[in-house]
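Read left to right, the sequence shown gives residues 83 to 770 (this note's numbering).
Since the hints were derived computationally from the structure, they do not count as laboratory data. Just to be clear, a hint being listed does not mean it is correct.
Claimed, not checked - In silico EDC-like cross-links for lysine to aspartate or glutamate, where the CA-CA straight-line distance does not exceed 20 Å:
#1 K204 x D268
#2 K499 x D484
#3 K174 x E666
#4 K199 x D268
#5 K174 x D710
#6 K596 x E630
#7 K723 x D235
#8 K689 x E613
#9 K499 x D487
#10 K723 x D232
#11 K204 x D247
#12 K263 x D247
#13 K263 x E248
#14 K204 x D249
#15 K174 x D638
#16 K363 x D413
#17 K199 x E212
#18 K174 x E743
#19 K285 x D235
#20 K107 x E518
#21 K263 x D396
#22 K689 x D514
#23 K702 x D168
#24 K723 x D289
#25 K689 x D617
#26 K263 x D392
#27 K107 x E630
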Amino acid sequence: MSKATFDPRRFNQSNNTPFAQVMEKHLSRRNFVKRGLGISAMTAFAGVGLSACGSDDNAVTTTPTTPTTPTTPTAPTTSSAVLGFDSIAGSKTDAVAIPAGYSAYVLAPWGTPLNTKAAAWKADGSNTAEDQANSVGMHHDGMHFFPLNDAGDDGLLCINHEYIDEDALHPTGPTFDTNGKRTIIDEIRKEINAHGVSVVRIKLTNDMWEVVANDAHNRRFTGASVMDIAGPMAYTSYLETRYSPDGSQARGTLNNCGNGSTPWGTYLTCEENWPGYFVNKGTLAADQSRIGIATSSTRYGWDHLAGDDDERLDEFSRFDITPVGANAAQDYRNEANGHGYIVEIDPYNPNSRAVKRTALGRFRHEGCTFGKLAEGQPITFYSGHDSRFEYLYKFVSDAVWDPADANSSNRIAMGDKYMNAGTLYVAKFNEDGVGEWLPLTLDAVTTNGSTLASTFDTQAAIILNTAGAADLVGATPMDRPEWATVDPFTGSVYLTLTNNTKRTEANTANPRLKNSFGHVIRWDEGDSATEFSWDIFVFGAPAAGDAETNLSGLDDLNQFASPDGLAFDARGILWVQTDNGADEVTSYTNDQMLAVVPSTLVDADGKQQVISAETQAQLKRFFVGPNDCEVTGFAITPDYKTAFVNIQHPGNWPYSAIATEVTPAGMQVRPRAATVMIRKNDGGEIGV
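Can you build the whole structure from these sequences, using the hints too?
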């Protein structure tokens, strides 16, 4: 979640023991060795890849050609990667900073045309809604690269677009009348079209990646795109609207922040801070109150032109979910119920429709990653609810993994197989370094000794109010759980906890009060689906922090705060990105990306170690973004020779196609979120 969109309200009114209290007791056990429930550093992670086939410039490729999730070896069980760059100093400029021996260039910035329906981006902000519907969206966030050939020099970049900056999107910002109401339809349509996801074909030509204009794969999913509903919520009365009376469809995807991918080659985009896009001016339902639906106005005023003569298919009316009709088929009281999900996209098939996978829960999703794969075993997906005092979830499929499914050409059908039926769990952390996954099912026992069936009548009802159900079973409130990722060598899962300045009670998993700096937690799954063991891998902190603050012993070359984006590459390098709001660190550097190889941090007995004063030098700063930005989204090519990093909401950048070129003093450019492509000057692998 970008700090530019963060809603500080707390919707969790449960009395569940918060993570900070748990972690406070756990901290006295910093030398604690995790119980033997999960995967130790001596256990391998079995990855599965995808088969290959060629493509040409004009063909519509429907089969991935190299692994979406590159195959990782059964042995060795420790990465052989060694970071080969010197940690860079912090930076406070209108440019990106990278290590010596690297170059960085701007790729696919906001407004880049994807086809001939869009005019070239105009620096005065005058592009139309139709232009925006056919161009790269605004405020890039999560991202994944899907190769189209064996060489990996041709592929599809899927990019999330979290939100918009209206002042940059329009020539002079949005237009209002004297009553504070929006007045121009094309402005609102442009804003809706700037949200969502872009699928962009890119090719490497003369050592430079370029957007392939007008390619058949290029397309947009916006805040208005029709999407199918799958899983427990599909065809239920909860999704009945005037637009979709049978509850089978939803319109649009909003506030797409973190992301993920699947073993069968699809993209997962996560609907995160979406509740404020809707308003209920009447009485909130329990699920609406719990998730934070607005009660007076929508975030951008898209509902202001409801009923306008030029409105199409209630395109603006749907954002006002106040009941006004005799039943749900006559209004949009259920419109918001179609949001808050993991959305699956097949980038290889331009004719496919996106699908909302409701079985994985409905909340403010931040990221979605799958756990270690084992033939004949279920697939697990992890996702955090990015708000203060919210929870960590996992979904375990009913279907068991068949490696042949990685090669299916019907990828959406694979999503149906593995993501529509299963068990949704929420995490409870205990102070002894173990934890419990609590099922969110009708027979799940609540903290008062009852079951969820006493509150919810169907699994769909639980999904509708996932966070409310998690309250009842006693989940552990966390400090903004965001992106998760899995070590390809150990199978350990890592999760960023960005910050929580409202915390007044600590627990073992969230030990610091008024936590401005955040931390990264990790866990290993146990022998059963309900067990895990955990520790804290690294604490964000300023280098000058005292011993109770700088618990990981960071120095100037790796101090950070508010970890957010998080990704392993298949070599076992962990990339940590920040969305920092702590003055102690922002005074030294802009948002950044650091790297470390966790599987190599082991003691003499092969037990995994944390970042401490003794090991902190292994954590190195690799990248710093321009002023005012958030560094977010990471992807890397199969040969590891290009890394892609997104820059969101820069203040006065980019000045040129060279990302490291500083905007001249006194010059103001219209800021454009963009992807930065990073290459090593000697043609070698990134990071080593």
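Each hint, compared with the structure:
| no. | hint | result |
| --- | --- | --- |
| 1 | K204 x D268 | holds, 16 Å |
| 2 | K499 x D484 | holds, 11 Å |
| 3 | K174 x E666 | holds, 14 Å |
| 4 | K199 x D268 | holds, 16 Å |
| 5 | K174 x D710 | holds, 9 Å |
| 6 | K596 x E630 | holds, 13 Å |
| 7 | K723 x D235 | holds, 10 Å |
| 8 | K689 x E613 | holds, 19 Å |
| 9 | K499 x D487 | holds, 10 Å |
| 10 | K723 x D232 | holds, 14 Å |
| 11 | K204 x D247 | holds, 16 Å |
| 12 | K263 x D247 | holds, 18 Å |
| 13 | K263 x E248 | holds, 15 Å |
| 14 | K204 x D249 | holds, 14 Å |
| 15 | K174 x D638 | holds, 14 Å |
| 16 | K363 x D413 | holds, 14 Å |
| 17 | K199 x E212 | holds, 8 Å |
| 18 | K174 x E743 | holds, 13 Å |
| 19 | K285 x D235 | holds, 6 Å |
| 20 | K107 x E518 | holds, 17 Å |
| 21 | K263 x D396 | holds, 18 Å |
| 22 | K689 x D514 | holds, 17 Å |
| 23 | K702 x D168 | holds, 7 Å |
| 24 | K723 x D289 | holds, 10 Å |
| 25 | K689 x D617 | holds, 12 Å |
| 26 | K263 x D392 | holds, 16 Å |
| 27 | K107 x E630 | holds, 14 Å |
In this structure, none of the earlier numbered hints is contradicted; all agree with it.
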